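**Q** These are the residues of each chain, in order.
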Amino acid sequence: MEVQEIINEKNLVYQPSKLLTGAAFNFCPGCGHGTVVRLVMEVVEEMDIQSDVIGISPVGCSVLLYDFYNIDVIQAAHGRATAVATGLKRVLPDKFVFTYQGDGDLAAIGTGETIHACNRGENITVIYVNNGTYGMTGGQMAPTTIPGMKTSTSPRGRDVATMGHPLRITDIVASLDGACYVTRQAVHTPAAVRKTKRALRTAFENQKLKRGTSFVEVVCSCHSGWKMTPLQSNRWMEENMFPYYPLGDLKVMNGQT
Amino acid sequence: MAKIRGAIVVDAERCKGCSVCVANCPQQVIALGKTVNSKGYYYAEMAFADKCTGCVNCAIICPDGAISVYRVKVEN
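Going down the list, the sequences are from chains A and B. So the first sequence is numbered by our numbering: it starts at 1 and just counts up by one. So the second sequence is numbered by our numbering: it starts at 258 and just counts up by one.
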């Protein structure tokens with residue numbers, strides 16, 4: 001059978017979500033952000049909630065989300081996505097509201113907003129992409145940078161004696177009563193991508209059931225910031241990031257799938 | 258015995274040549290081509306088409322959503 005015969009509408013098993021505008025992603029080649037951006041729309045498409053979902057993108061690599069999504073997206077100030085989501089969800093409680101944030105946004109300037117929104121148990125989904133660096137501004141050290149990791153502002157590696165310890169904000173959120181689902185996933189292999197998609201689905205389903213805040217961390221590479229190739233950075237992430245940020249569910253309320 | 262055949266279509270303009278699909282293809286079907294797209298990236302293409310099983314791994318790992326996958330069962 002010729003390849004041209006196989007490429008036929010009736011044999012189609014996978015295509016990128018129709019809720020993406022078709023604009024090329026502005027992320028660096030091989031960046032896990034693109035995978036997460038795509039997965040969110042796949043979940044929204046599967047749940048058929050595209051007319052009821054509102055995304056909030058703050059500052060960072062997530063900033064141009066509105067260019068890629070055929071849904072409503074609000075651009076929030078740096079770190080304030082969960083505060084904007086709180087207001088939005090309270091005014092429009094029937095809408096699905098999610099925030100898409102990086103670690104420089106959620107775990108640094110937005111720590112207060114994040115912790116208090118999760119503690120209040122706002123019925124929103126927080127998607128947190130953690131690459132251990134400020135990717136957009138040139139790979140500076142972030143609160144999540146792991147010990148010994150070289151960045152443009154810690155060229156000899158992060159020294160915990162002078163620069164402090166990395167912040168595991170997902171663990172903090174898991175300890176809050178308002179959070180109903182807290183998980184840490186990755187997108188470096190096809191199996192990990194499938195698990196992340198399931199986690200995102202659960203996080204959106206929880207909004208329908210009004211359970212509280214769902215928090216999905218995705219550990220991701222930033223090879224431009226880490227000065228590696230995409231494949232090298234995925235390997236480095238497995239060897240160095242995962243021991244510090246172990247994957248898996250941190251909190252699952254009874255009755256969740 | 259029935260055989261599964263697959264095929265992928267790469268959107269050359271969206272592909273940035275990151276090679277993540279090349280490394281994650283269990284059948285080693287994909288390779289970067291020798292031509293560049295309008296942005297100057299060597300884009301991925303199906304180098305060994307007859308080995309593709311349409312497993313979708315390349316498409317779900319693709320950070321740019323550039324790959325569509327087709328699969329068909331061939332009766333011998």
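Careful, some of the hints might be misleading.
Claimed, not checked - The calculated SDA-like cross-link candidates involving lysine to any residue, where the alpha carbons are at most 25 Å apart (straight line), are:
| hint | chain 1 | residue 1 | chain 2 | residue 2 |
| --- | --- | --- | --- | --- |
| 1 | B | 296 | A | 195 |
| 2 | B | 296 | A | 231 |
| 3 | A | 195 | B | 328 |
| 4 | A | 18 | B | 291 |
| 5 | A | 10 | B | 291 |
| 6 | B | 291 | A | 20 |
Don't read these hints as lab results, they were simulated from the structure. Just so it is clear, the structure is predicted and the values come from calculations on it, not from any experiment.
**Q** Compare the structure with each hint and give your call.
**A** These are the hints, each one checked on the structure:
This hinted pair does not check out: residue 296 of chain B and residue 195 of chain A have alpha carbons roughly 32 Å apart, beyond 25 Å. For a cut-off of 25 Å, the pair hint linking residue 296 of chain B to residue 231 of chain A stands: about 21 Å separates their Cα positions. Restraint check for residue 195 of chain A and residue 328 of chain B: the C-alpha separation of about 23 Å stays at or below 25 Å, so the hint holds. Between the alpha carbons of residue 18 of chain A and residue 291 of chain B the distance comes to roughly 30 Å, so the proposed pair goes past 25 Å and is violated.
In summary, the hint linking residue 10 of chain A to residue 291 of chain B is not supported, as the alpha carbons are separated by about 31 Å, beyond the 25 Å threshold. Restraint check for residue 291 of chain B and residue 20 of chain A: not satisfied, since their Cα atoms lie roughly 28 Å apart, outside the 25 Å limit.
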